[in-house]
Amino acid sequence: MTTLIHIDKQNWDRGIEASRKQYHIAGPVKDKEFHVFRRLENGELPDMTYKSTRLSPKSLLFPQSEIMFAYTLDETAENAGMMQDVKADDFPCAVIGIRPYDAKAIQIMKLNFDAAEYQDPYWIHAFVRSTFIGLAINEPESVDFSTSCGTGPFEETGLDALMVDCMDHYLIKILTDKGRAWMHAAGFTTAARETAPQTLESMKAEAESKIASKVSFDNIREMSVLDLYQAGFWEDAAFGCINCGACTYACPTCWCFDIQDEKYGVRGIRMRNWDSCMTPLFTLHASGHNPRSTGLGRTRQRFMHKLKYFPDKYNQGIMCVGCGRCIVQCPANIDIRKICDRMNRYEARKGDCQCQ
Amino acid sequence: MTDATHKIQEISRRILENGKVDKIIGYQKGSMPMMNTPCVIRNPANVGQLVWDSHCRLNLAKYLGNTKERVGIIAKGCDSRNIVMHILENRIQREQMVIIGVPCNGMADKWKLSALVDGEVVAVTEANGNITVTSVSDEKAIPRAQALQENCVLCKHRNPVIYDELTAELVEEPQNMDRHESIRKIESMTPDERWRFFDDMLSSCTRCHACRNACPLCYCPTCFVDESRPQWVGKGMDPVDIRSYHFLRAFHCAGRCTDCGACEAACPMHIPVRLLTRKLEKDCFDRFKWSAGLSLDQRPAMDTYTPNDPNDFFK
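Residue numbers (my numbering), protein chains in the order written: chain A, 5 to 360; chain B, 3 to 317.
Be aware that a few hints might be false.
Derived DSSO-like pairs: lysine-lysine, alpha-carbon spacing no greater than 30 Å straight-line [claimed, not checked]:
(1) A/Lys34 - B/Lys114
(2) B/Lys281 - A/Lys36
(3) B/Lys281 - A/Lys55
(4) A/Lys218 - B/Lys281
Since the hints were derived computationally from the structure, they do not count as laboratory data. For clarity, every value in this text was computed on a predicted model and none was experimentally measured.
Chain A extracted, bound-state conformation (with noise of 0.2 Å):
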């Protein structure tokens, strides 16, 4: 059902704006310093010149901070002391330009947000509203090792439509139903022309080529999760790191989260933040008993979830997909790549203490 369609770049403008009509509109947009990806108030268009985003598009269905519930201890209201729902924002939203890579973790997180024993409403809810418009890479940065992660520049996994820019026009291939649907609300209907498939293969091949940072994690699924656990190289790996939490944050994949009750008079609301795997709150138990009381645990932690109790749980690769945020953040320069290059290495030395 894939159709070709082409797109002027005078006319982008005002196709969005009049896709308004029928959408909130999301995209990549300069505040400050960096590009962040967030919902674009009226007038305020996409930066589709942007390379990426310092924290990842996640946010739109999983926000840093999202109220659940609302209680008032009022007790003259009606329903003093009883958690209500917090209405839910039902508008269509079109996220425009977002990176294979990201589209691909939101496929990643729906694994565990929607899943068959757990439906989770919040993140289902603003997944369904969402029509994904990804915006293909064609300048990968070097940090970018998607095409190891089972993802890449033009990868269409997760999207409802792909644009690919070149130069004075768009190409967009549509991929679903409500890729389809955003394209007539903007009035994007012109098709491409007749070389336009070869067009694609060949930037898509050109961008690919482009990738030079590539991981393997083949071995690691083999090992056994207490080789690895205990390692001796977790030492050395892990010692840089601060512990702070800003991989976590900038990870389109991580998805883990901590929920808090906040009082105001007698006001009160249930909220969820993400959680990091780096603070020493991260699953600290009621009784005090803390599973991952050093700083080497949380890392280790941070890197098993991803490169193996995650592929061994899901059976789906990694849960990583290769976006290079964390790599470019960390304050200590700790690398992802060279951590699972350790890892997958691992069990050719197994039972050798690798401790300097």
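Dock chain B against chain A, hints included.
Chain B alone, transformed into the frame defined by chain A:
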């Protein structure tokens, strides 16, 4: 290899081999331009991993922990001042450490260097007093002195204040420098202006706490923001909680901060968090003539009392 790298490796090998220390805390080369990673070396055969260049921004005193081992630690001026603070605060014994002092000419500001060129930085090299930044499509050179982090430009203690070994001759310390121009500018704002200034400054904070975690002073077993029984600070993104975190953290660093700049270098959002700590540092100097970490023989301003204390309520 820089001369400092060569010397650090030579000293480290010697003190590991002759058993003076159990481990060396230093830097190894990072995977990205302008980045190095703090590392620990226990085997003399591995000292070749140690490096020293213009990108050793974090403060290695942070990595001392509360170890009982004997440690060799590489220390530029600010690191050594924080080592003094650790000794004064009874975190570690002077005798446990062999301090390898590095007279410092400042660390390069990765943001300044990145901003020089169009596109992603792929390489940064240094020769003859210039730093050259290369991106995919661009290349620019800048005199090293113009590429420094602000805290290094304002630094008056480039030489280590305590050391057992030195990697080079001591460097000249700048005299009569005005360190607080930007702080006075904020002090002169009206309360409303100041409120808006800090609101805007902190608006991009994600509460990753990299500034705290990079800080050599932040070693509380449970930080007040992590305290949950009872909870002191909200855990969401309420600006009140974000402010509380930054302001209280700065106050907790009063009289202890050496303006090493690790907090600012660590912030992934490039927030000038030193504006907060430097105000307290300025106040400590103005009120008590106290600069942190310069001497093992004097108690810090905030944990001592003298009869001529300028505060009335002490009298």
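Inset, instruction - Would you check the hint for B/Lys281 and A/Lys55, treating anything up to 30 Å between C-alpha atoms as holding? - result: Since the Cα atoms of B/Lys281 and A/Lys55 sit roughly 36 Å apart, the hinted pair is violated (cutoff 30 Å).
Inset, instruction - Take the C-alpha atoms of A/Lys34 and B/Lys114, compute the straight-line distance between them, and say whether it is at most 30 Å. - result: Judged against 30 Å, a Cα distance of about 19 Å means the pair holds.
Legend entry - Restraint check for A/Lys218 with B/Lys281, where alpha carbons must lie at most 30 Å apart: Judged against 30 Å, a Cα distance of about 46 Å means the pair is violated.
Legend entry - Restraint status (C-alpha distance of B/Lys281 to A/Lys36 at most 30 Å): Holds, at about 24 Å.
The structure fails to meet hints 3, 4 from the earlier list, while all remaining hints are met.
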